[in-house]
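With these hints in hand, go ahead and build the complete structure from the sequences.
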Amino acid sequence: MRQSISTTSNTALPIDTLVNTLTDNLDMQTDTAKQVATPCSITQKLLNNEDIHHLLPHVSIAELKSIAELIRHRILEVVSKNGGHLSSTLGAVELIVGMHSVFDCSLHPFIYDVSHQAYAHKLLTGRYKEFESLRQIDGISGFIAPYESSLDYFIAGHSSTSLSLAVGAAKAKKLRNDPHKPIVMIGDGSMSAGLVYEALNELGDLKLPVIIILNDNEMSIAKPIGAISKILSKTIASPLYQSMKEKVKKIVDKMPNGTTFIAKRFEESFKLITPGLLFEEFGIDYIGPIDGNNIEEVVTTLKNVAYLNRPVLLHCQTIKGKGYQIAEGKYEKWHGVAPFDLNTGQAIAKSVIKSPTAVFSDTLLSMAQQNEKIVGVTAAMPSGTGLDKLMDIMPERFFDVAIAEQHAVTSMAAMAKEGFKPYIAIYSTFLQRAFDQIVHDTCIMKLPVVFCIDRAGIVGEDGETHQGLLDIAYLQSIPNITLIAPRDNNTLSLQLEYSQYVTSPLAIRYPRGQFMLEKCYMRLDSIIKDYDTKARQNIESNNCHVERSEMSQSLDSNKHITESTKSTKETTQTDSKTTACHTEPLGEVSNTESKKDSNKDFSLLSKTQNDKNLEPQPFGRVQGIGVQDNENLESCRIVLQNLHNTQNYNTHLKAHKAQMLYGSLVHTKDSIQHNTESSRKKILLVGYGNGVGRMLDVWLSLLIEHNIYASLLDIISLKPLDTDMFAMCLRDYTHIFVMSDSYKLNGVGACIMQFAFSELERGNLAQIPKIISFEIEDIFVKHGNTQKIEKQLNIDTESLVSKVLESTHF
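Take 18 as the starting number for the sequence shown in this note's numbering and just add one per residue.
Hints listed in this document are in silico derivations from the structure and should not be mistaken for laboratory results. Heads up, some of the hints might be wrong.
What the hints assert, rightly or not - Derived lysine-lysine pairs resembling PhoX-like cross-links, with alpha carbons at most 25 Å apart: (1) 98 / 805; (2) 224 / 320; (3) 350 / 98; (4) 371 / 406; (5) 805 / 146; (6) 820 / 536; (7) 82 / 146; (8) 224 / 191; (9) 190 / 146; (10) 371 / 224; (11) 98 / 62; (12) 224 / 188; (13) 347 / 371; (14) 367 / 808.
Claimed, not checked - Here are the simulated distance ranges between beta carbons: (15) 802 / 196: 40 to 48 Å; (16) 214 / 741: 48 to 56 Å; (17) 365 / 775: 48 to 56 Å; (18) 342 / 390: 42 to 50 Å; (19) 822 / 350: 43 to 51 Å.
All C-beta atoms, glycine included, are put in the ideal place defined by N, C-alpha and C.
Put into structure tokens, the structure is as follows:
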């Protein structure tokens, strides 16, 4: 007896049960299909990781349905464990199975727009087992990837490129007299981008044989925007359209052959209220809409259009999230997902640290409530960029321009010209699509547009098409734009607040997920607590009588949010009391004044603050100091205090000045007389944006594990660069290490090196110190877990510490 199979329930069937059931179903199919390939063999070949796409034209519709169910189950099984794009690919399963049933993808190029919906294609073309490694490092990509398979025609990841690719492929085939035609699958969301209509314009003019499958799930990533969306959905859904469509069909079917002309004119007049009008005007035949989740209807229609030697668009309506009830009908939540429980739909692991996107969302809304000139714009991603709160609460000040980054920038430039303060929230990878508009329409005019660049740096599992590594390189080449980057959630809020008063273009970049520094705070807090305990034991063992009230100053230092509000004067007084009770470990600088001053807040030093009383912490290795030494505790306290000194940070931010988080620019003979070797190896760790967190982690490892004191600097503003600070750094340090989550070529390190050469040319510098960039080499970074990618690229903390030790010969 045949068993029914469905994945509409919230619980996925065990794979063995599903396969056995499918086999039972397939064994009952017609003898006609068995003449070419037995049903059981096709299922088994799929499970055995074989490429079965060439077998699909020879199996029945019922068998195709069963294979589609098996594929849908596999997608749910893997994506629930690895994360990935779920709802779009679930909705496209029947379309892709149908495409492979009619066309051979080794002859007809299958071109998937964006390609996040193409998981079924991967499973049908010999990657069933490898699919287990979806989006993992060295595993299967979440997008079409020609390096994986020759049946993946062209790399994709960004929206709306497919039709242009199809036009180019069709031209080439025409010149070679190749009769095979490109098959395009494009979503309704991608149809909002201008590149699509540039391609349609030429396609219709040249009448090239291209089949376009419009996957219309009426959702794209977010709610569809604009007149085109209304044409494609509102009319179709109306009772008038549905009623008239049925009546026209009945009338035309009854007409004799002699009235074909009249019927044709009647049908064309009816298109005035249908989606077909748009495409027919481009010179492209329009067919549909059909049910894209009905394999029989898909296959039948594709067979009918396969012989057309002109461009045709097949309009298919699908259900996003099809087969997984929890995901069906959810606009954005299930577009891209982290690992989740398949039964409940709940995320398996959720970070307790607030994301930069959430900080941006809350801060901008608060600012907009106080400043009526603020407006926000996104390119079809209100939730992904954090503008959804502004959209919900102040919809009149929110603009979603659909997938149209170029239009977003130029239209907001005009709003800035009219006196408003536009905030463009956009992923780093998508901002590059609007480079000319940034230059031509924004920066030349010096208009106060704020670019809020989300997902800057390594984004992880989405791979080379989505890594946010290019913005620093191209933005710093544009005149009139200011580039700043926060190091944590607090400084992101401060930079956004500051941005209201900037009267020229400004770019603020921040990472996906969490700032590295937010994670480092937990390590720093833990170290401080451990050292406090060890310091107490050390002091007591040396009979240092300290009042408990004074020691509690140290114990409370890990409460950095409260402590950060204290003034520099109060901090210095507290530090002096605590330090006076410390015992001197072997090899420590014995000069009492130097020892006291080593605990001062050196972040306030600038070119005009060469106060002789501010003597620095000794740099480099200090022999004989172990992990129990209280100087390490005081060093951690200084860094933590400076990281959370909001008033001091704002002063540096508004002046576009870098902030010294630990160390000094003043070196005296007295402060280094007992450590001359270290004086020749003065280490400066420089971080920009998220790179500050990584450099703090390196700083901690050098301090705790190797007893090396390095200075730590937050650039804050890359453009303009704090040339006063770096002029002193180039003179005072022998080793400068630079980190940002961007490419090394034209990156932050290159910017500092360029300034160093200019100082050398001007005669302001006798010799350029060793400047080493820890930024990413000149490669496209593939997909995988971010931490594993960093390890692979040798930019994790352990690798960077080794590079510092190797470069300085410690």
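To see whether the hints hold, each was checked on the structure:
For the hint pairing residue 98 with residue 805, the CA-to-CA distance comes to about 17 Å; that is within 25 Å, so the pair holds. Restraint check for residue 224 and residue 320: satisfied, since their Cα atoms lie roughly 20 Å apart, inside the 25 Å limit. The suggested pairing of residue 350 with residue 98 holds, with an alpha-carbon distance near 17 Å, which does not exceed 25 Å. Our distance criterion of 25 Å between C-alpha atoms is met by residue 371 and residue 406, whose separation comes to about 16 Å.
Restraint check for residue 805 and residue 146: the C-alpha separation of about 22 Å stays at or below 25 Å, so the hint holds. For the hint pairing residue 820 with residue 536, the CA-to-CA distance comes to about 22 Å; that is within 25 Å, so the pair holds. Under the criterion of a C-alpha separation no larger than 25 Å, the hint pairing residue 82 with residue 146 is consistent with the structure, at around 21 Å. Taking the CA atoms of residue 224 and residue 191, the gap is near 11 Å; set against the 25 Å cutoff, the hint holds.
For the given pair, residue 190 sits about 34 Å from residue 146 by alpha-carbon distance, which is inconsistent with the 25 Å threshold. Restraint check for residue 371 and residue 224: the C-alpha separation of about 52 Å exceeds 25 Å, so the hint is violated. Of the pairs offered as hints, the one joining residue 98 and residue 62 holds, with about 24 Å between alpha carbons and a cut-off of 25 Å not exceeded. For the proposed pair residue 224 and residue 188, the alpha carbon gap of about 10 Å is at most 25 Å, so the pair holds.
Pair hint residue 347 plus residue 371 holds up; C-alpha atoms about 24 Å apart against a cutoff of 25 Å. In summary, the hint linking residue 367 to residue 808 is supported, as the alpha carbons are separated by about 23 Å, within the 25 Å threshold. Against the hinted window of 40 to 48 Å, the Cβ-Cβ separation of residue 802 and residue 196 comes to about 45 Å, which satisfies the hint. The hinted window of 48 to 56 Å between residue 214 and residue 741 holds, with their beta carbons roughly 50 Å apart.
One distance hint, 48 to 56 Å for the beta-carbon pair residue 365 and residue 775, holds here, with the actual separation near 52 Å. Hint check: residue 342 to residue 390, Cβ distance near 45 Å, so the stated range 42 to 50 Å holds. Range check, residue 822 to residue 350: Cβ separation about 46 Å, and the 43 to 51 Å hint holds.
Hints 9, 10 from the list above are not met by this structure, while the remaining hints are.
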